[in-house]
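Once you've looked at the hints, dock chain B against the given chain A.
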Amino acid sequence: GDSVTQMEGPVTLSEEAFLTINCTYTATGYPSLFWYVQYPGEGLQLLLKATKADDKGSNKGFEATYRKETTSFHLEKGSVQVSDSAVYFCALGGNTGKLIFGQGTTLQVKP
Amino acid sequence: DTAVSQTPKYLVTQMGNDKSIKCEQNLGHDTMYWYKQDSKKFLKIMFSYNNKELIINETVPNRFSPKSPDKAHLNLHINSLELGDSAVYFCASSQDQAGPTDTQYFGPGTRLTVL
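For the protein sequence lines, the chains are A and B, in the order given. Heads up, the first sequence is in the numbering used here, so the first residue is 66 and it goes up one at a time. Heads up, the second sequence is in the numbering used here, so the first residue is -3 and it goes up one at a time.
So here's chain A without its partners, still in its complex pose:
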């Protein structure tokens, strides 16, 4: 079945460091790919998405490119801030309408 694998956390970075969170997927058909973010004590918010191969999603300085050849959707940000500390979820949306999530990656950014 469809699945999503994310790099294990926690990831600890200093402010202004470069961030990469790896995400790979297994799917039949042509899924959409999403990154959601969960700040402490809150629900999930959509960060960005890409609906077809080679699409790049971007928001708030974060980017991810849908790579069909490597089945990947890695999240990147050039310069993280303390306020980016959160749990990041990669997710796959298929034709059934349900989202399949990776296990989440906790990011801690220190001043």
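Check before you lean on any hint, since a few could be wrong.
In silico EDC-like cross-links for lysine to aspartate or glutamate, where the CA-CA straight-line distance does not exceed 20 Å [claimed, not checked]:
1) B:36 / A:73
2) B:36 / A:141
3) B:40 / A:67
To give an idea of the interface, some chain B residues facing chain A are shown, with a C-beta separation under 10 Å as derived from the structure [unchecked claim]:
4) 31
5) 60
6) 86
These are computed hints drawn from the structure, not numbers from a lab. Positions of the beta carbon are idealized from the N, C-alpha and C atoms, including for glycine.
For chain B alone, kept in the frame of chain A given last:
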């Protein structure tokens, strides 16, 4: 205005009790979902409803029963609560009968603790 709201935010109860969690969305969406997040933050879909009709029913114990009185509300009733039901339950909604591109909007979650 909160787009997707859930009540209660926290729920602490004894094993064997029956409890309900309510969800409401004011986005005018047609599809609503329940997800369960375990202690390791892993998220898994439980149910989805489109315009009051059950669409997705994952392998969830039949002690869990969703009810959608109208397309803006999706409640979750849990009978005979067990320790393993302790988790954070998230409600979500999306615009149409969810296709692969639809964005889902999540509520703040209900933290259920079964003692």
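Structure-based check of each hint:
| no. | hint | result |
| --- | --- | --- |
| 1 | B:36 / A:73 | 12 Å, holds |
| 2 | B:36 / A:141 | 23 Å, violated |
| 3 | B:40 / A:67 | 13 Å, holds |
| 4 | 31 | 8 Å, holds |
| 5 | 60 | 16 Å, violated |
| 6 | 86 | 6 Å, holds |
Figure legend: structure checked against the earlier numbered hints; hints not met, in rising order: 2 and 5.
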